[in-house]
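Required output: the full structure, derived from the provided sequences and hints.
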Amino acid sequence: MVVYAEYVFLENFIMNYIILTLTCKFGKMQTKKIRIVLASSLGALYAFILFFPSLHFLFSMMMKIACSMLIIITAFAPYRFKDFFRMLGIFYLITMVFGGTGFALFYFTSFNGIISNGVIYTTNISLKNIMLSGGFAYMLINFCWGYIQKQLTREKIYMKVKVEMNGEFVELKGLVDTGNSLKDPITCHPVMIVEYDAIIKLFPESIKKAFVGSKYPDFNEITMLLNNTTWMTRLRFIPFEALGTEHGMLVGFKPDSVMIEREYENKNVQDIIIAIYSKRLSKTGDYTALLHPDLV
Numbered sequence: 003m004v005v006y007a008e009y010v011f012l013e014n015f016i017m018n019y020i021i022l023t024l025t026c027k028f029g030k031m032q033t034k035k036i037r038i039v040l041a042s043s044l045g046a047l048y049a050f051i052l053f054f055p056s057l058h059f060l061f062s063m064m065m066k067i068a069c070s071m072l073i074i075i076t077a078f079a080p081y082r083f084k085d086f087f088r089m090l091g092i093f094y095l096i097t098m099v100f101g102g103t104g105f106a107l108f109y110f111t112s113f114n115g116i117i118s119n120g121v122i123y124t125t126n127i128s129l130k131n132i133m134l135s136g137g138f139a140y141m142l143i144n145f146c147w148g149y150i151q152k153q154l155t156r157e158k159i160y161m162k163v164k165v166e167m168n169g170e171f172v173e174l175k176g177l178v179d180t181g182n183s184l185k186d187p188i189t190c191h192p193v194m195i196v197e198y199d200a201i202i203k204l205f206p207e208s209i210k211k212a213f214v215g216s217k218y219p220d221f222n223e224i225t226m227l228l229n230n231t232t233w234m235t236r237l238r239f240i241p242f243e244a245l246g247t248e249h250g251m252l253v254g255f256k257p258d259s260v261m262i263e264r265e266y267e268n269k270n271v272q273d274i275i276i277a278i279y280s281k282r283l284s285k286t287g288d289y290t291a292l293l294h295p296d297l298v
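Using the working numbering, the letters of the sequence shown correspond one by one to residues 3 to 298.
Everything labelled a hint here was simulated from the structure, so no lab data went into it.
List of simulated lysine-lysine pairs, DSS-like, C-alpha gap at most 30 angstroms:
{"hint": "1", "residue 1": "Lys-185", "residue 2": "Lys-175"}
{"hint": "2", "residue 1": "Lys-27", "residue 2": "Lys-66"}
{"hint": "3", "residue 1": "Lys-281", "residue 2": "Lys-162"}
{"hint": "4", "residue 1": "Lys-164", "residue 2": "Lys-84"}
{"hint": "5", "residue 1": "Lys-269", "residue 2": "Lys-285"}
{"hint": "6", "residue 1": "Lys-185", "residue 2": "Lys-30"}
{"hint": "7", "residue 1": "Lys-162", "residue 2": "Lys-269"}
{"hint": "8", "residue 1": "Lys-175", "residue 2": "Lys-30"}
{"hint": "9", "residue 1": "Lys-285", "residue 2": "Lys-210"}
{"hint": "10", "residue 1": "Lys-162", "residue 2": "Lys-30"}
{"hint": "11", "residue 1": "Lys-281", "residue 2": "Lys-269"}
{"hint": "12", "residue 1": "Lys-203", "residue 2": "Lys-269"}
{"hint": "13", "residue 1": "Lys-185", "residue 2": "Lys-285"}
{"hint": "14", "residue 1": "Lys-210", "residue 2": "Lys-281"}
{"hint": "15", "residue 1": "Lys-35", "residue 2": "Lys-84"}
{"hint": "16", "residue 1": "Lys-203", "residue 2": "Lys-164"}
{"hint": "17", "residue 1": "Lys-27", "residue 2": "Lys-84"}
{"hint": "18", "residue 1": "Lys-285", "residue 2": "Lys-256"}
{"hint": "19", "residue 1": "Lys-175", "residue 2": "Lys-84"}
{"hint": "20", "residue 1": "Lys-175", "residue 2": "Lys-269"}
{"hint": "21", "residue 1": "Lys-269", "residue 2": "Lys-30"}
{"hint": "22", "residue 1": "Lys-203", "residue 2": "Lys-256"}
{"hint": "23", "residue 1": "Lys-34", "residue 2": "Lys-66"}
{"hint": "24", "residue 1": "Lys-185", "residue 2": "Lys-269"}
{"hint": "25", "residue 1": "Lys-269", "residue 2": "Lys-164"}
{"hint": "26", "residue 1": "Lys-164", "residue 2": "Lys-210"}
{"hint": "27", "residue 1": "Lys-269", "residue 2": "Lys-84"}
{"hint": "28", "residue 1": "Lys-256", "residue 2": "Lys-162"}
{"hint": "29", "residue 1": "Lys-30", "residue 2": "Lys-66"}
{"hint": "30", "residue 1": "Lys-66", "residue 2": "Lys-84"}
{"hint": "31", "residue 1": "Lys-175", "residue 2": "Lys-162"}
{"hint": "32", "residue 1": "Lys-281", "residue 2": "Lys-203"}
{"hint": "33", "residue 1": "Lys-210", "residue 2": "Lys-162"}
{"hint": "34", "residue 1": "Lys-164", "residue 2": "Lys-285"}
{"hint": "35", "residue 1": "Lys-281", "residue 2": "Lys-185"}
{"hint": "36", "residue 1": "Lys-175", "residue 2": "Lys-281"}
{"hint": "37", "residue 1": "Lys-164", "residue 2": "Lys-175"}
{"hint": "38", "residue 1": "Lys-162", "residue 2": "Lys-84"}
Here's what the structure looks like:
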């Protein structure tokens, strides 16, 4: 069987370009298209080793890993080891899904090619087959990536939060809670749940009195105490449902602003409601606030 060098280069270039483009998309790493082209060309040239028997030692596992690392460096030039290994992992994941989907498509259709040192070379590949395998792979990756991200968001993600009210500040440690879907029924602003003890500093004496003792608020009493005050316009009652509580109600208020410290930037949020929780949110005291996922 005759294998043409230009076809080997073109096939591998197209596949590498699609895989690296998807890696860029799902890895959320900004780069220039010329870098993707150069990295794709590098990966395509690697396949030319087939035509040089004396260089077949480059098909070893270590050399393949080294080549994939060089491709990632060329395509994305990550500055941190964390970003480098993240992009490398996504690259491997997409390559395996993409390759498996393409191989399955070739298997169920007509397949004419050879396998050398773990590399598949086809002689009858068409643009239609590439587009079909790419489409199937993209849909599969989208599904798998969504599931993976959903699982990752279940992990505990902590953020520093600063709440401002009438010139007063309190600093909290918040947990991003994907299960927190509370929104203010009036404004539809997302709700952040905060322990009473962590936010008490911002309350006027009238509200503090309503929580004294059992810390279970009397909604009628709070309304009466805040009537004809500036706090009345900030007051909110947030309905919620939880395990063992079908028709619960939380007292909430609208702060002046909330600053959320993230890894790369600080986010100032004004369209937010803070709900007061009378018990502890964390038994170990790891956090005192639950952040709505829309806030981050």
